[in-house]
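J.: Listed here are the chains, written in short residue letters.
Protein chains: 2
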Amino acid sequence: MRNFKMTLQYEGTRFKGWQKQENTDNTIQGKMEALLFRMTGQRVEVQGSGRTDAGVHAFGQVANFHADTKMSAEEIMRYMNDYLPEDIAVISIKEVAERFHSRLNARGKTYCYRVLNTQVPHVFDRRYVHVVGEELDIDAMKSAAEYLVGTHDFKAFTSNKRSRKSTVRTIETIRIEKVESASMELLGVQDEIRFWYSGNGFLYHMVRIMTGTLLEVGMHKRRPEEVAEVLASMCRENAGELVPAKGLTLMEVRY
Amino acid sequence: MRNFKMTLQYEGTRFKGWQKQENTDNTIQGKMEALLFRMTGQRVEVQGSGRTDAGVHAFGQVANFHADTKMSAEEIMRYMNDYLPEDIAVISIKEVAERFHSRLNARGKTYCYRVLNTQVPHVFDRRYVHVVGEELDIDAMKSAAEYLVGTHDFKAFTSNKRSRKSTVRTIETIRIEKVESASMELLGVQDEIRFWYSGNGFLYHMVRIMTGTLLEVGMHKRRPEEVAEVLASMCRENAGELVPAKGLTLMEVRY
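These protein sequences, in sequence, are chains Z and P. The working numbering puts the first residue of the first sequence at 1, with every later residue one more than the last. The working numbering puts the first residue of the second sequence at 1, with every later residue one more than the last.
Treat the hints as calculated values from the structure; they're not laboratory data.
Pairs involving identical chains hold if they fit within one copy or between any two copies, as the list cannot separate such chains.
Here are the simulated BS3-like cross-link-like pairs (lysine-lysine), alpha carbons at most 30 Å apart as the crow flies: (1) K94 to K178; (2) K155 to K20; (3) K16 to K246.
Start from the sequences and build out the full structure, keeping to the hints where you can.
T.: The structure is reproduced here in structure tokens:
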């Protein structure tokens with residue numbers, strides 16, 4: 001059996017997330033597996049580096065699958081892109097060692113959460129950004145983010161209450177940047193703030209709850225130091241709001 | 001009668017252009033006028049700075065309308081944004097002198113045409129960019145663009161053959177820039193090239209034909225100097241292809 005590693009992009013808007021489900025085929029994994037069955041005649045399991053939730057996008061999701069095929073990697077990529085809907089694309093594919101596993105071998109991931117800080121409606125990136133009207137104190141958010149960097153028990157920052165697995169994770173970096181673009185300057189109405197998170201793994205809803213908490217600091221509803229207390233409390237209720245899925249994109253998976 | 005000047009954004013994808021038509025209400029102007037009728041009970045004509053074609057977007061279209069209303073500009077803006085579909089937005093509105101006319105008073109406009117120079121499918125900005133797989137020589141395109149800047153008869157660069165109006169226009173600047181973005185670097189697969197055109201007015205299809213011609217120079221199908229010959233020929237057949245509407249955005253109207 002040959003093993004292929006793919007890098008995928010998708011707009012999550014109309015999908016029920018990555019993971020296939022019995023009652024719907026409207027998942028990324030489901031779409032990929034149906035297509036590979038059509039291509040190979042075999043039941044192929046597509047293993048993602050991790051699940052993305054309904055509405056979350058991917059700029060560089062990684063997945064692998066084993067298949068008996070004589071097709072080259074290039075031929076498979078072309079075939080898949082010919083049949084995939086326009087909101088999913090295979091942007092690279094290569095044959096890898098049989099033991100490669102996209103989830104188990106992942107060393108780290110980077111997510112980006114996009115916030116548009118504006119009072120007026122926004123048309124163009126409306127499917128990819130979360131709009132916040134309140135003024136945001138970027139320096140306060142940067143200070144608060146420092147408490148999250150490092151190895152911590154992130155139990156307060158996940159919606160998954162029942163799991164008995166470890167909730168300890170390591171965040172390598174959090175970068176908060178204000179994006180300047182010519183088109184924004186032109187009208188001077190919109191500021192985009194991007195939250196970049198890199199770490200060895202993220203719990204269910206973790207990036208969205210961290211972002212929601214940082215935004216509350218940015219609105220001066222919390223002091224930056226409170227983030228340390230939230231972490232220590234291990235209690236979800238103490239953390240901030242879960243921000244919408246559409247602002248979140250899985251940017252990269254590192255091996 | 002009070003006169004209101006609005007700045008509008010819209011994604012052109014699903015509309016049949018700016019100008020209202022008898023057989024469809026699926027135009028930007030048609031949507032705006034229907035909404036203002038609902039708001040004021042009056043037949044209000046919304047005058048745009050110019051038409052945009054089906055599929056063309058606007059980041060900063062300007063329009064004005066006269067109405068008898070006691071509402072403030074802010075109230076009108078809020079009302080309109082509450083009822084407009086999510087692909088149209090009023091991003092600013094103010095009361096202006098009665099004689100202000102968004103088309104007749106316009107001194108200049110800026111358009112941006114976005115090209116994604118990539119071999120792989122593109123998911124995120126697929127509604128806003130034209131994808132070109134061939135390698136593009138940016139320096140050659142910049143040299144070619146210099147022949148277009150200035151006051152010329154652009155008859156070769158319009159699809160409108162029957163009009164007997166002047167086809168002389170002045171292009172103030174053409175800027176061709178390669179956009180660098182963190183997310184593109186991350187995967188290293190996509191280069192975006194933006195063509196910015198500023199001028200006192202543009203003929204039907206002019207920006208899209210100029211861009212198509214410059215792209216042919218970028219692919220080395222034409223020499224930069226040929227652009228001067230195309231201009232002088234006054235003949236549409238000598239210019240390049242009309243590139244797709246979806247890459248084009250009206251960025252700004254100057255008064």
